[in-house]
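Order-wise, the sequence lines are chains A and B. UniProt numbering applies: residue 1 is where the first sequence begins, and numbers increase by one. UniProt numbering applies: residue 1 is where the second sequence begins, and numbers increase by one.
Take every hint as true, because none was put in to throw you off.
If several chains are the same, the list does not tell them apart, and a pair holds so long as it fits within one copy or across any two.
Straight-line distance between alpha carbons at most 27 Å, and here's what the computed DSS-like set of lysine-lysine pairs gives: (1) K122 x K24; (2) K251 x K79; (3) K24 x K368; (4) K59 x K24; (5) K248 x K24; (6) K248 x K297; (7) K203 x K223; (8) K248 x K122; (9) K314 x K368; (10) K203 x K79; (11) K24 x K223.
To be clear, the hints were calculated from the coordinates, so they are not data collected in a lab.
2 protein chains.
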Amino acid sequence: MAKAPVLTPRADDFPRWYQDLINKAELADNGPVRGTMVIRPYGYGLWERMQQEMDARIKETGTQNAYFPLLIPQSYLTKEADHVEGFAPELAVVTHGGGKELEEPAVVRPTSEMIINDYFSKWVQSYRDLPLLINQWANVVRWELRPRLFLRTTEFLWQEGHTAHATYEEARDFAAHIHRHVYADFMENVLAMDVVLGRKTAKERFAGAVNTLTLEGMMGDGKALQMGTSHELGQNFARAFHTQYLSKEGKQELVWQTSWGSTTRMIGALVMMHGDDNGLRVPPRLAQTQVVVLAIKGDEAVLAKVRETGDRLKAAGLRVQVDDRTDVPFGRRAVDWELKGVPVRVEVGPRDLENGTAMVARRIPGGKEPVALDALAALLPTALEEDQALLLRQARERRASRTSDVSTIEEAVEAAAGGGWARIPWATLGERGEAELAEHAASVRCLVAEDGSVPGADDAPGNVAVVARAY
Amino acid sequence: MAKAPVLTPRADDFPRWYQDLINKAELADNGPVRGTMVIRPYGYGLWERMQQEMDARIKETGTQNAYFPLLIPQSYLTKEADHVEGFAPELAVVTHGGGKELEEPAVVRPTSEMIINDYFSKWVQSYRDLPLLINQWANVVRWELRPRLFLRTTEFLWQEGHTAHATYEEARDFAAHIHRHVYADFMENVLAMDVVLGRKTAKERFAGAVNTLTLEGMMGDGKALQMGTSHELGQNFARAFHTQYLSKEGKQELVWQTSWGSTTRMIGALVMMHGDDNGLRVPPRLAQTQVVVLAIKGDEAVLAKVRETGDRLKAAGLRVQVDDRTDVPFGRRAVDWELKGVPVRVEVGPRDLENGTAMVARRIPGGKEPVALDALAALLPTALEEDQALLLRQARERRASRTSDVSTIEEAVEAAAGGGWARIPWATLGERGEAELAEHAASVRCLVAEDGSVPGADDAPGNVAVVARAY
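Make a model of the complete structure from these sequences and hints.
Listed below in structure tokens is the structure:
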């Protein structure tokens with residue numbers, strides 16, 4: 001009799017597979033307030049590594065971290081018209097504090113453009129104060145009616161960057177720099193993710209932005225997920241908050257701004273892009289644990305060898321965990337590491353000791369073979385880099401095989417409904433076609449130029465719309 | 001004519017000096033909702049370094065980070081009687097979400113014992129799941145009627161550790177381990193802070209704890225500040241949440257717990273313990289910028305030398321910033337770095353170049369002298385370690401000189417009112433004496449044993465009460 005699968009197979013029920021995996025790999029739990037989540041240590045470990053890698057890239061741009069308040073006076077929200085319209089339905093409102101009803105209710109930040117602009121308007125006086133480049137790592141709350149762990153949660157964690165520049169060009173270039181050299185670089189080189197870089201249509205733009213750049217990934221079921229966005233805000237918020245500077249020429253000018261964000265949603269994307277029917281597969285460059293060294297039995301010689309091997313692999317620069325919990329059956333532990341997607345398992349038992357070998361199981365390509373213990377420190381770093389490359393290649397191949405070039409709206413709708421992406425000339429689709437897609441649960445994920453680059457304008461000739469169903 | 005001082009002198013008005021410093025060193029601003037704060041990049045940089053150092057020490061204990069929701073159903077709060085009584089007056093309550101009134105209001109977490117215990121009760125099944133060691137870095141909200149930046153704010157940032165153990169002894173030892181090897185080690189060795197480790201009296205204990213361990217520091221005005229606390233929770237929360245485990249002997253047992261926290265208040269303590277009339281003095285091991293290399297003039301040769309010197313000092317392992325903003329007057333920049341408390345300024349001008357020297361200004365001992373440029377990389381690491389030691393020594397000397405051993409309550413009250421600490425036998429003071437202190441705005445900061453160690457019980461013979469006014 002075949003063993004019952006650990007997870008619902010993806011082909012049977014993709015959403016259920018996702019929930020099973022999140023649960024069994026101990027990534028997260030539902031919180032008690034609807035739509036909130038508890039990020040468990042293994043899931044949070046992924047987020048910590050994402051933060052480290054992103055934070056280094058963000059600082060590389062000259063951006064500094066700061067922290068702005070969680071609670072925002074309700075009146076602030078109304079200062080930028082599009083912005084308030086976009087966020088009003090999602091707000092959590094604090095009406096009581098310290099045992100009393102508040103004179104003015106406060107909203108829990110859904111994003112921080114308003115409050116940050118209030119301070120930018122105080123801090124920016126002259127052209128010498130520009131560019132002002134600020135990022136914050138924080139939690140935000142957006143009331144969510146159809147929550148799904150990591151993908152849509154009432155509270156999530158993110159980084160939000162906010163910058164002010166002297167000219168339109170500088171702001172535009174900075175938003176593009178973040179898009180390409182922070183987000184895309186991180187996602188491709190650390191998360192091993194295949195992402196399409198493009199520009200949102202007016203309909204899909206951030207509330208208050210004049211341009212939104214996006215990164216879209218194809219999940220295992222062919223649906224799209226927005227992985228991060230970088231916005232040009234023009235002077236919309238500057239006008240609302242009077243954020244001005246004295247130019248070199250002695251004139252008061254409004255600043256030009258950007259904002260950009262990426263969230264714990266990336267953990268959900270990681271699951272859905274790289275996961276398989278046995279669990280998660282964590283890209284080695286991200287993994288907090290790249291190699292787990294397991295003692296098969298609680299025999300003293302085995303335990304000593306396992307610890308020694310762990311130390312040697314750590315000394316070789318790998319991130320290693322030793323699993324000597326021999327009071328838990330070996331098979332259960334192996335399945336658990338498989339679920340958690342640790343790239344390499346080194347399994348050591350009494351027989352291996354005699355041979356001077358260990359069984360090495362590689363989670364990403366799959367397969368298991370004996371390797372001389374002395375050779376591990378030299379072999380594994382290369383194996384991990386191969387695995388990193390393989391994940392990216394598999395993701396690219398999936399998108400290539402599931403994307404079709406189409407020339408009619410009907411074909412685009414059909415492709416999206418069938419679990420794929422369609423590329424259709426934007427000139428053919430247009431805003432009317434976009435409205436039609438919405439009736440079929442599909443949308444324009446982004447516009448890309450003919451040569452695959454990010455277009456400078458919505459209506460640039462040759463623009464192609466990437467159409468899909470999306471999370 | 002003497003120049004106007006940059007800050008209100010401490011001797012004139014200590015609270016105003018503190019506000020001036022926070023403002024002029026650009027550490028923080030008041031937020032728009034009363035009692036909230038904006039942590040500016042320089043202030044946040046201090047917090048980031050604190051987080052790095054603390055996080056490494058926390059992980060060293062085997063504790064893992066996780067993240068629990070900000071919003072907690074109001075009903076949770078009522079599950080532990082002392083706890084709800086302690087926190088009820090400080091709560092911020094969300095009554096509306098997504099445009100509707102909520103069926104059950106949610107409170108913004110003031111601390112997370114309740115919600116974390118709810119999950120501990122699900123995650124802990126058997127003795128194999130123990131100890132469960134969790135920490136989270138998060139924001140919390142406690143409505144504050146008399147706010148002061150960093151010291152008492154409606155929202156603050158902190159880490160909160162929560163652990164569950166199989167036995168009373170294990171939990172007790174873990175709380176003590178955090179107190180000594182995480183908090184005290186960090187504060188003494190990184191923050192260069194003089195802290196007294198002791199035990200809170202029943203009156204000053206955390207709401208819901210059976211024992212609270214504290215670290216108390218003496219500020220520049222002789223008042224005390226609680227720097228961090230580590231609590232034994234006994235089985236109070238375990239009972240409320242039915243957090244049980246199956247013992248090796250096959251019996252259901254309640255777990256024993258600890259919780260422990262330290263906050264952005266440490267930034268305020270840093271200011272008040274090490275600051276002087278010229279600004280902050282940042283301990284070198286904490287400083288994000290240990291050395292700033294300044295170009296006095298915008299001369300090409302000077303700029304080249306400044307950058308080269310910066311690179312060489314970075315290569316020597318120092319954290320260095322280059323200040324080549326020669327469009328800002330040199331004097332203003334020097335005062336600014338002085339205010340921000342960067343330990344070493346290396347100032348390079350055209351005349352220095354000729355001599356192959358730079359002026360080296362040391363913020364912590366004070367003073368300025370020419371040093372050969374070639375010698376900097378060898379000299380500065382030692383100088384910084386000396387400065388680190390000096391800060392701790394100065395703090396220790398202040399406490400020693402302002403602490404008196406007294407034998408009556410009147411003397412204790414008098415010492416506290418005069419800006420000092422009093423040590424009085426707990427047997428003499430007792431709970432009645434403690435109530436009397438409260439009438440004179442003083443309190444027992446902690447109990448210490450005769451030999452200076454942390455007492456195992458409130459009424460251990462020889463216990464000494466440390467009495468002071470406190471922030």
